[in-house]
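> All chains should be built: construct the whole structure from the sequences, respecting the hints.
As you go down the protein sequences, you meet chains V and W in turn. Number 235 in the UniProt record's numbering belongs to position 235 of the first sequence; there are no gaps in the numbering. Number 113 in the UniProt record's numbering belongs to position 113 of the second sequence; there are no gaps in the numbering.
Since the hints were made in silico from the structure, they are not lab data. Be aware that one or more of the hints could be misleading.
Okay, the calculated beta carbon distance ranges per label pair [claimed, not checked]:
1. V/ALA291 <-> W/LYS209: 22 to 30 Å
2. V/SER139 <-> W/GLY199: 47 to 55 Å
3. W/GLY199 <-> V/SER13: 40 to 48 Å
4. W/VAL203 <-> V/ASP31: 37 to 45 Å
To spell it out: a stretch of chain W is covered by chain V in this simulated footprint if at least three of its residues, at any positions, have a beta carbon under 8 Å from a beta carbon of chain V; those stretches are [to be verified]:
5. 72-79
6. 93-103
Heads up, the beta-carbon is just placed ideally off N, CA and C, and yes, glycines get one too.
In case you want the letters, here they are:
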Amino acid sequence: MCGIVGLFLKDKSLEPQLGALLSDMLITMTDRGPDSAGIAIYGGTRDGLAKITVQSADPDQDFAGLQEKLKEASGGEATVEIKSTHAVISLPAARVDAVREALATVAPNLRVMGAGESVEIYKEVGLPKEVVERFGVRSMSGSHGIGHTRMATESAVTTLGAHPFSTGADQCLVHNGSLSNHNNLRRTLRKKGMRFETENDSEVAAAYLTAEMNTGKDLGEALEGALDDLDGFFTFVVGTKSGFGVVRDPIACKPAVMAETDQYVAFGSEYRALVNLPGIETARVWEPEPATVYFWDHEKAAA
Amino acid sequence: MPVFDLTATPLREFNQALHDVKSGANDTAFEVVNPRGHHSVAVGIDAPVVVDVRGSVGYYCAGMNDGGTVTVHGSAGPGVAENMMSGTVVIEGDASQYAGATGRGGLLVIKGNAASRCGISMKGIDIVVHGSIGHMSAFMAQSGNLVVLGDAGEALGDSLYEARLFVRGSVKSLGADCIEKEMRPEHIEVLSGLLEKAGVTDVKPEEFKRYGSARKLYTFNIDNADAY
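Written out as structure tokens, the structure reads:
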């Protein structure tokens with residue numbers, strides 16, 4: 001099963017409510033997967049600043065003095081905000097690579113959940129309600145976000161096996177389904193220089209899209225490629241810094257419902273996830289077609 | 001008429017009320033408000049009750065219906081009217097995957113579009129879709145009639161047995177062993193009756209094409225062993 005949700009706001013006045021709306025959508029999907037839950041929030045960018053979300057199995061130990069330990073690599077400009085088992089390191093964008101490298105030495109037990117100018121990623125074993133509360137997701141604002149509640153099939157129930165998966169700056173993916181060619185594809189992508197944290201099939205899908213976008217494709221084009229190159233069952237919801245995409249495999253047995261109004265585009269595994277959204281009664285509600293890429297972009301809309 | 005608000009009343013209470021209707025009772029009409037995508041609304045009806053659902057429902061609405069009349073004034077999630085035995089189910093909006101799957105009798109009318117696998121493994125149900133249907137519809141359909149006023153997606157009627165498929169618009173592709181067949185007077189008659197029952201007045205049965213089984217797949221022939 002698995003439950004996935006996504007919300008892409010067109011109306012800026014809704015941005016302060018993004019965390020709350022997305023939390024409710026995800027909690028409604030709890031009975032589709034109780035193993036782990038995660039959420040990615042695109043909280044907007046600040047000029048020249050970037051964020052790295054890290055996770056620890058022993059936060060008291062690992063986060064103690066982290067800001068100090070990163071002083072050299074960050075030029076003293078990193079700040080660390082601890083949220084339960086996760087911490088968000090804010091720093092100048094130019095220092096991201098140096099700090100990621102330093103993390104491996106000064107805090108080798110930390111796992112990087114994601115990095116970029118806008119995205120923050122929170123995921124843990126447990127129910128959506130617990131995960132959302134633990135990280136204070138409700139109070140977060142942002143322009144778009146995606147969430148996942150997992151019923152594990154292809155790899156272990158661990159924090160790293162939870163979705164969303166992030167394999168590139170400001171990119172993340174949630175997946176309902178199972179891929180059958182992920183081992184082969186992982187080998188191919190490793191040769192192209194992609195790094196993998198897990199044996200999970202969905203991480204391969206995320207890395208595939210990252211590798212495609214690294215060649216200059218936009219998210220929509222990368223998703224078109226996924227239809228040819230990924231084998232198996234999938235409904236994907238994908239976020240980039242300014243974009244939001246949805247694609248289903250040609251068989252399309254994994255459920256999907258979308259809704260669009262002047263204020264937002266929303267995705268849910270089921271209609272139930274969408275019923276609390278403002279104006280849903282008059283929204284255009286439809287089931288995304290099989291093997292069809294749906295793609296929205298804040299920057300392209302503005303251009 | 002009892003009204004059940006599913007934000008206030010547990011679903012089981014409503015479904016139980018449908019079962020508590022005594023044989024010969026006059027008060028058999030029910031209304032459901034705020035279904036909000038709930039699963040299994042009005043499943044297992046076994047009496048001639050009338051249910052109006054004001055809003056959209058989730059999985060398996062009106063599943064196993066035996067004699068009831070259920071109208072969803074909204075859209076339906078996967079598996080609407082799955083395994084219907086008799087009665088009528090009307091969806092005013094769209095229906096998701098496998099609408100009317102394995103149905104043995106009764107009439108399912110979808111006024112919008114139906115997604116993939118509509119009428120999969122149908123066994124006697126009649127399905128009338130005012131809009132279009134998705135891929136793999138009527139897969140392994142055994143008997144009954146599927147009527148589509150719009151278009152059909154890929155692999156219509158794959159591995160079909162004896163169900164009759166009538167499509168007015170285009171068919172993206174036919175599945176294995178499904179072929180177009182001649183519209184004879186008896187088919188026009190069946191189709192007219194179904195269109196009338198489904199409240200379709202502005203469409204003539206002559207506008208449809210009929211599809212059925214070539215009967216080469218399900219009657220196993222030793223000469224075809226190489227093909228399997």
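> Next step is simple, just say for each hint if it's right about the structure.
Hints and how they fare:
For V/ALA291 and W/LYS209, the hinted distance range of 22 to 30 Å is satisfied, since their beta carbons lie about 25 Å from each other. Hint check: V/SER139 to W/GLY199, Cβ distance near 50 Å, so the stated range 47 to 55 Å holds. Restraint check, W/GLY199 to V/SER13: a C-beta distance of roughly 43 Å satisfies the suggested window 40 to 48 Å. Our hint of 37 to 45 Å for W/VAL203 and V/ASP31 holds, since their Cβ atoms are close to 41 Å apart.
For the segment 72-79 of chain W, the stated coverage by chain V holds: 3 residues have a C-beta nearer than 8 Å to a C-beta of that chain, and at least 3 were required. Note: the segment 93-103 of chain W has 3 residues with beta-carbon separation from chain V under 8 Å; the three-residue rule is met and the coverage holds.
Hint check: no violations occur; every hint is consistent with the structure.
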